[in-house]
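The lines below spell out each chain.
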Amino acid sequence: MSTVAVIDYGMGNLRSVCKAIEHVDASVRVALTADPETVRGADRVVFPGQGAIGGCIAALDAHGMREVLLEVMRSKPFLGICLGLQALYEFSEEGNGTPGLGILPGQVRLFPRAQMRDPETGLALKVPHMGWNGVQQVTGHPLWEGIPQQTRFYFVHSYYADTADSAYIAGETAYGVRFTSAAAHENIFAVQFHPEKSQHHGLRLLHNFINWDGES
Amino acid sequence: MGLAKRIIPCLDVDKGRVVKGVKFVDIRDAGDPVEVARRYDEQGADEVTFLDITASSDDRDTMVHVVEEMAAEVFIPLTVGGGIRTQEDIRRMLNAGADKVAINTAAVFNPEFVREASAHFGSQCIVVAIDAKQVQDGEHPRWEIYTHGGRKPTGLDAVAWARKMAEYGAGELLLTSMDRDGTRDGFDIPLTCTICDAVGIPVIASGGVGNLEHLAEGILDGHADAVLAASIFHFGEFTVAQAKQHMAGRGIEVRLA
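First to last, the sequence lines map onto chains R and Z.
Residue 2 is where the first sequence starts when you use this note's numbering, and the numbers rise one by one after that.
Residue 997 is where the second sequence starts when you use this note's numbering, and the numbers rise one by one after that.
Simulated from the structure, these hints should not be mistaken for laboratory data.
There could be a bad hint or two in this list.
[Claimed, not checked] Covered stretches of chain R (in silico footprint by chain Z; criterion: 3 or more residues with CB under 8 angstroms from a CB of chain Z, positions within the stretch not fixed):
#1 2-9
#2 97-108
#3 157-170
#4 200-212
All figures in this text were calculated on a predicted structure; none of them were measured in a lab.
Ideal Cβ positions, reconstructed from N, Cα and C, are used throughout, including at glycine.
When you get a sec, could you build the whole thing from the sequences and use the hints?
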């Protein structure tokens, strides 16, 4: 039986993530955990990220999770979701500037609200970027299997990833700016959108993750 | 491709049961919120909102179970409103599987509640519900915030209030016209447009939808980011899919399944 550790440090709603994984494969055991040993012992790791980035990184350190996270990111199929993508970068503008885990090259920036207009209506674009937007798959990847190009996924975020090296980008989305909505590097895959809230295609992505051996 | 405008069916739930019976053909239990939500999900709803109108706080636990069940079966975003007064209320709903909570009366009585909630849980899950009623006609219309289902005026100007809630960290506003709610005459477009243009956060328009063109008007004329409706979907008059087809025909970007 394969196990998936969903990293939790008690800051909010992770029930949907767990239920969605159980839904796509009833034989998988999902462990919602902040225990480093449980994470180390799992076959796969999901890092959803919760709250603001400063609190997220601080909570990882408080639970002694940074080290094990860096370790599993080199060794197991790893899926970052939302803040779990943003935390992988070198730096975020959130909270007057917060260093990230530095796994992926680039910065996380606040949407430049004042400069963002809907190209059709000319109306200001709202922040947070909330709702269903299309993802342009810029590389082939096992996690995209069965998911059409430009599929809409559910997003809700005010900061976006600006990847410094395009070799790490798996998907892009346009909202005022063009940003990294999916990043991939070796056994790491991370998405800005919420697959657990993105209906069939989101569940397909989770299914692909559960069946991924970590090779791209 | 850009961000799609959202269609959000809303269910009034009392003690865990859907109020104002939903009339779908071939539904097993039209009073079960989870089954109704699943049906809306199949039709292509972008989100679902549950409004808990349970009067007694003793019966509120029922809503937590409904949310838990929904989160295990329906994988689109869920907002829960009604009776959200404390940080603990928010935590319970989010832990049960809600993605957002809608705060209404508690925000009016204590605006700091919104600031604290968004700082703690993140703006993305804090929706402030605004019930507004027109108090001045003519060239410069004004709207005021009302509580208790539109019965009690608060003296708060709706536009100033909307801006304040955005500043306090609300991630989204759910704007209901108390003049139009239940009338099926369409959204209050001047109100919707005024609020939508006044804030930088997304606004869901609500109150008065009687046909599919009303939904399109909320987006095109009201500048809303999402439209919420109850009765036109519940009574099986229209499906969410038909609503989306209509909006797409009016040039609105929607998520088509």
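Going down the list of hints, with the structure as the test:
1. 2-9: As far as the stretch 2-9 of chain R goes, the hint is violated, because 0 residues have Cβ atoms under 8 angstroms from chain Z.
2. 97-108: n = 0 at 8 angstroms, threshold three: violated.
3. 157-170: Held - the stretch 157-170 of chain R has 3 residues with a Cβ nearer than 8 angstroms to chain Z, which meets the minimum of three.
4. 200-212: holds (count 3)
Hints 1, 2 from the list above are not met by this structure, while the remaining hints are.
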